[in-house]
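**Q** Since the structure of chain A is provided, determine the placement of chain B on it from the hints.
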Amino acid sequence: MYNQTEIIKDTSELGAEGELVINMGPQHPATHGVLHLVVTLNGETIKKIEPHLGYIHRSIEKMCESLTYRQFIYVTSRMDYLSSHINNLGCALLVEKGMQIEVPDRAKYIRVILSELTRIASHELWLGAMAMDLGAFTPFFYAFREREMITDIMEDTCGARLTMNYIVPGGLMYDIHPDFQKKVKAFITQFKSKVTEYEDLVTNNVIFQSRTKGVGILSAEDAISYGCTGPVARASGVSCDIRKIYPYEVYDKVEFDEVIETAGDSFARYIVRVKEMNQSIRIIEQLIDNIPEGDFVGKTKNVLKLPKGEFYTRVETARGEFGVYVVSEGGTTPHRIKFRSPGFSNLSALNHISVGSKIGDLMASMGTLDLVIPDIDR
Amino acid sequence: MFSLEGITTSVQDWLFMKFNPTMALAMECVIVILLSISLFAILGLVLVLMERKVAAHIQIRLGPNRVGPGGMFQTVADTLKLIMKEGLVPDMADKFLFNLAPFVVMMVGMLLLAPIAFAKNFQIWDINIGVLYISSVSSLSVIGILMAGWASNNKYSLLGAMRSGAQIVSYELSAGFAVLTIVVLTGSLQLSDIIKAQENGWWIFKGHIPALIAFVLYIIAVTAETNRAPFDLAEAESELTAGFHTEYSGMRFALFFLAEYINIFIVCAIGATLFFGGWMPLHIGHWESFNHIMDYIPSSVWFMGKTFFLIFLIMWFRWTFPRLRVDQLLNLEWKYLLPISLFNLLLVAIIAILGWHF
Numbered sequence: 414m415y416n417q418t419e420i421i422k423d424t425s426e427l428g429a430e431g432e433l434v435i436n437m438g439p440q441h442p443a444t445h446g447v448l449h450l451v452v453t454l455n456g457e458t459i460k461k462i463e464p465h466l467g468y469i470h471r472s473i474e475k476m477c478e479s480l481t482y483r484q485f486i487y488v489t490s491r492m493d494y495l496s497s498h499i500n501n502l503g504c505a506l507l508v509e510k511g512m513q514i515e516v517p518d519r520a521k522y523i524r525v526i527l528s529e530l531t532r533i534a535s536h537e538l539w540l541g542a543m544a545m546d547l548g549a550f551t552p553f554f555y556a557f558r559e560r561e562m563i564t565d566i567m568e569d570t571c572g573a574r575l576t577m578n579y580i581v582p583g584g585l586m587y588d589i590h591p592d593f594q595k596k597v598k599a600f601i602t603q604f605k606s607k608v609t610e611y612e613d614l615v616t617n618n619v620i621f622q623s624r625t626k627g628v629g630i631l632s633a634e635d636a637i638s639y640g641c642t643g644p645v646a647r648a649s650g651v652s653c654d655i656r657k658i659y660p661y662e663v664y665d666k667v668e669f670d671e672v673i674e675t676a677g678d679s680f681a682r683y684i685v686r687v688k689e690m691n692q693s694i695r696i697i698e699q700l701i702d703n704i705p706e707g708d709f710v711g712k713t714k715n716v717l718k719l720p721k722g723e724f725y726t727r728v729e730t731a732r733g734e735f736g737v738y739v740v741s742e743g744g745t746t747p748h749r750i751k752f753r754s755p756g757f758s759n760l761s762a763l764n765h766i767s768v769g770s771k772i773g774d775l776m777a778s779m780g781t782l783d784l785v786i787p788d789i790d791r
Numbered sequence: 076m077f078s079l080e081g082i083t084t085s086v087q088d089w090l091f092m093k094f095n096p097t098m099a100l101a102m103e104c105v106i107v108i109l110l111s112i113s114l115f116a117i118l119g120l121v122l123v124l125m126e127r128k129v130a131a132h133i134q135i136r137l138g139p140n141r142v143g144p145g146g147m148f149q150t151v152a153d154t155l156k157l158i159m160k161e162g163l164v165p166d167m168a169d170k171f172l173f174n175l176a177p178f179v180v181m182m183v184g185m186l187l188l189a190p191i192a193f194a195k196n197f198q199i200w201d202i203n204i205g206v207l208y209i210s211s212v213s214s215l216s217v218i219g220i221l222m223a224g225w226a227s228n229n230k231y232s233l234l235g236a237m238r239s240g241a242q243i244v245s246y247e248l249s250a251g252f253a254v255l256t257i258v259v260l261t262g263s264l265q266l267s268d269i270i271k272a273q274e275n276g277w278w279i280f281k282g283h284i285p286a287l288i289a290f291v292l293y294i295i296a297v298t299a300e301t302n303r304a305p306f307d308l309a310e311a312e313s314e315l316t317a318g319f320h321t322e323y324s325g326m327r328f329a330l331f332f333l334a335e336y337i338n339i340f341i342v343c344a345i346g347a348t349l350f351f352g353g354w355m356p357l358h359i360g361h362w363e364s365f366n367h368i369m370d371y372i373p374s375s376v377w378f379m380g381k382t383f384f385l386i387f388l389i390m391w392f393r394w395t396f397p398r399l400r401v402d403q404l405l406n407l408e409w410k411y412l413l414p415i416s417l418f419n420l421l422l423v424a425i426i427a428i429l430g431w432h433f
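If you're matching them up, the sequences are chains A and B in order. According to our numbering, the first sequence is numbered sequentially starting from 414. According to our numbering, the second sequence is numbered sequentially starting from 76.
Isolated chain A, as found in the complex (with noise of 0.2 Å):
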């Protein structure tokens, strides 16, 4: 392991020329979509990363503004698309909190439920793609085994295996499916048997401890400064989980705890993550035995209006905190309407923490910040 400061210090004696700039991206295999980044090098050794953003931007806020309130939440799936559900309890949870609508106890386990499938889900798609730019294809296989049996569950669900569109104000749009807790229960049974699989091949890989550890170091203050959120600041030691800081549904009800590891390196954006896919296992467990009777959409306005005002809530998404703002006049639609993007923020950090190190830290440090550009772009 090298020590970072003493590479910076190097690096800034030397002047712009030897300096080689790389666009890497609109089209990488290791930007996971259409991220641009522009890289001055210094042989290998990094400079400084620029990102340009808005080769997927769709202007969505804009859109959700000559949406009504029924319809804005699912278009909030295609930001985020790997925590779409959770996107659509944003928004839910936004318009039920501004025309105090009741949500039947049954619409809000399953909600719960399904965020934490949801989010595991989505961690384990990260597992996949982060061990890919770190150059090891198979565990992105392994990781995708569990995974699939999420999807099912979703597709089962809903009928969508990736954009969910379950929630509708007041509750979800139908029942679940008849076998959902004893085709949840498998997936927990399946996870746990295997999760010792990826301790195996990736969390004590010497080679992956010595390419992670060390690695894009975030400090406490740093990540606050830069506005991370979700496992990239709770790796550095921030507590800010909103699951526990502003319990939404019933996560009051339910025990779980808010994985905090104070490295601040890639690797402990990686044990975050790997860490919370096990808390999300036990909320389920909690709540999958005791999902109450009863409606599962509670009773609303056939026409939703947000009363004038403005309006904010958070969720936590699988790569941190989601707001909705709503600016509302009154009418059927939000007059105006601002994201905040988990990934955008997150992004923000990758100069600071890649400064310095090499071309192969780019990919560990982009990798644990876990971007996924439609939630930067929106």
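Just to be clear, a hint being listed does not mean it is correct.
[Said to hold, decoys possible] Keeping only pairs whose Cα atoms sit at most 30 Å apart, straight-line, the calculated DSS-like set for lysine-lysine is:
no.	chain 1	residue 1	chain 2	residue 2
1	A	Lys-595	A	Lys-607
2	B	Lys-160	B	Lys-170
3	B	Lys-281	B	Lys-271
4	B	Lys-230	A	Lys-461
5	B	Lys-410	A	Lys-607
6	A	Lys-666	A	Lys-712
7	A	Lys-461	A	Lys-721
8	A	Lys-626	A	Lys-721
9	A	Lys-626	B	Lys-410
10	A	Lys-688	A	Lys-607
11	A	Lys-626	B	Lys-230
12	B	Lys-410	B	Lys-281
13	B	Lys-170	B	Lys-156
14	A	Lys-605	B	Lys-271
15	A	Lys-657	A	Lys-596
Don't read these hints as lab results, they were simulated from the structure. Keep in mind that this is a model prediction, so the values were computed, not measured.
**A** Same frame as chain A, but now just chain B:
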């Protein structure tokens, strides 16, 4: 009993009977060239398929299974596709070097086939400096890679080529020292002598722990030398898109691809020759009947079996480990492998002088 030795001898006798010696020699050359080219093609097809099947089984999937029985002709289909593809040359590339590079890499592979003993007395060229020849020729391939990286006029290619240059030059040392331990034990550079010395047991068993260490060093070093994961920094898909062959397409790319597999075959064949006795069957002490049964297995089968076992080992590495970083790669060589191999060589020299090996 089937043996390649018999076939070659009868062909040679027949040629020398029918034609004058110069003519016969020329015809033998042509036959050898044709054989080695076809060996190249067959090895490429087999190894690519093998890699995909091994990868598939490690990754809990089936692998190619559509073209032919069990996907056997998948690589044939791939080759056809690559032949029909347009071989694009970038606009600002150095066209001459760009076109030359794949052939340089390929040629090195072909040259390296010469001293390998495929079966008992079945060798193209039993040169008396065989091991030296191998280590000197194999280091030429880096020229082809540097050429490709430089001529492509692509920054990714350049970075990949430079990485590859640093890597191959460094790991050549460890590989060389590992090979030298066997040379010290045998006392000869000639491959046929090295094989003959293993008649009563392979060096990996006879050479005590130092031979085992040398074998491990050799496998690590040649994995790096052939640019295979976990040392595939020259290609490093997630970092440099495709490294030195980013700009290559069609048949030129296929040549690089083929050369990679041929190089794996060659280093594994040399590894099998040095440490596992080449075509020598497995003999255990005084188990006469067991040894006799082992003798019945043709020598070419022994050679190929050992070689493919080593190839499998290298493929296994690739699908298990993540990639090293460039500085870690060089640290590993210069700070760990090189001192160990130097010390190991000393140890082997002492063992050889005192005659402690079996």
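**Q** Hints first: check each against the structure and report whether it holds.
**A** Hint by hint, here is what the structure shows:
Taking the CA atoms of A:Lys-595 and A:Lys-607, the gap is near 18 Å; set against the 30 Å cutoff, the hint holds. For the suggested pair B:Lys-160 and B:Lys-170, the alpha carbons sit about 18 Å apart, so the restraint of at most 30 Å is met. Note on B:Lys-281 and B:Lys-271: the hinted pairing holds, with a Cα-Cα distance of about 13 Å set against a maximum of 30 Å. A distance of roughly 17 Å separates the Cα atoms of B:Lys-230 and A:Lys-461; the hinted pair therefore holds under the 30 Å criterion.
In summary, the hint linking B:Lys-410 to A:Lys-607 is not supported, as the alpha carbons are separated by about 37 Å, beyond the 30 Å threshold. At most 30 Å may separate the alpha-carbon atoms for a hinted pair to count; A:Lys-666 and A:Lys-712 meet this at roughly 24 Å. The suggested pairing of A:Lys-461 with A:Lys-721 is violated, with an alpha-carbon distance near 45 Å, which exceeds 30 Å. Restraint check for A:Lys-626 and A:Lys-721: not satisfied, since their Cα atoms lie roughly 50 Å apart, outside the 30 Å limit.
Taking the CA atoms of A:Lys-626 and B:Lys-410, the gap is near 20 Å; set against the 30 Å cutoff, the hint holds. Between the alpha carbons of A:Lys-688 and A:Lys-607 the distance comes to roughly 14 Å, so the proposed pair stays at or under 30 Å and holds. Under the criterion of a C-alpha separation no larger than 30 Å, the hint pairing A:Lys-626 with B:Lys-230 is consistent with the structure, at around 28 Å. For the proposed pair B:Lys-410 and B:Lys-281, the alpha carbon gap of about 28 Å is at most 30 Å, so the pair holds.
Note on B:Lys-170 and B:Lys-156: the hinted pairing holds, with a Cα-Cα distance of about 23 Å set against a maximum of 30 Å. In summary, the hint linking A:Lys-605 to B:Lys-271 is not supported, as the alpha carbons are separated by about 54 Å, beyond the 30 Å threshold. This hinted pair checks out: A:Lys-657 and A:Lys-596 have alpha carbons roughly 28 Å apart, not beyond 30 Å.
Of the hints listed earlier, those the structure fails to meet are numbers 5, 7, 8, 14, in rising order.
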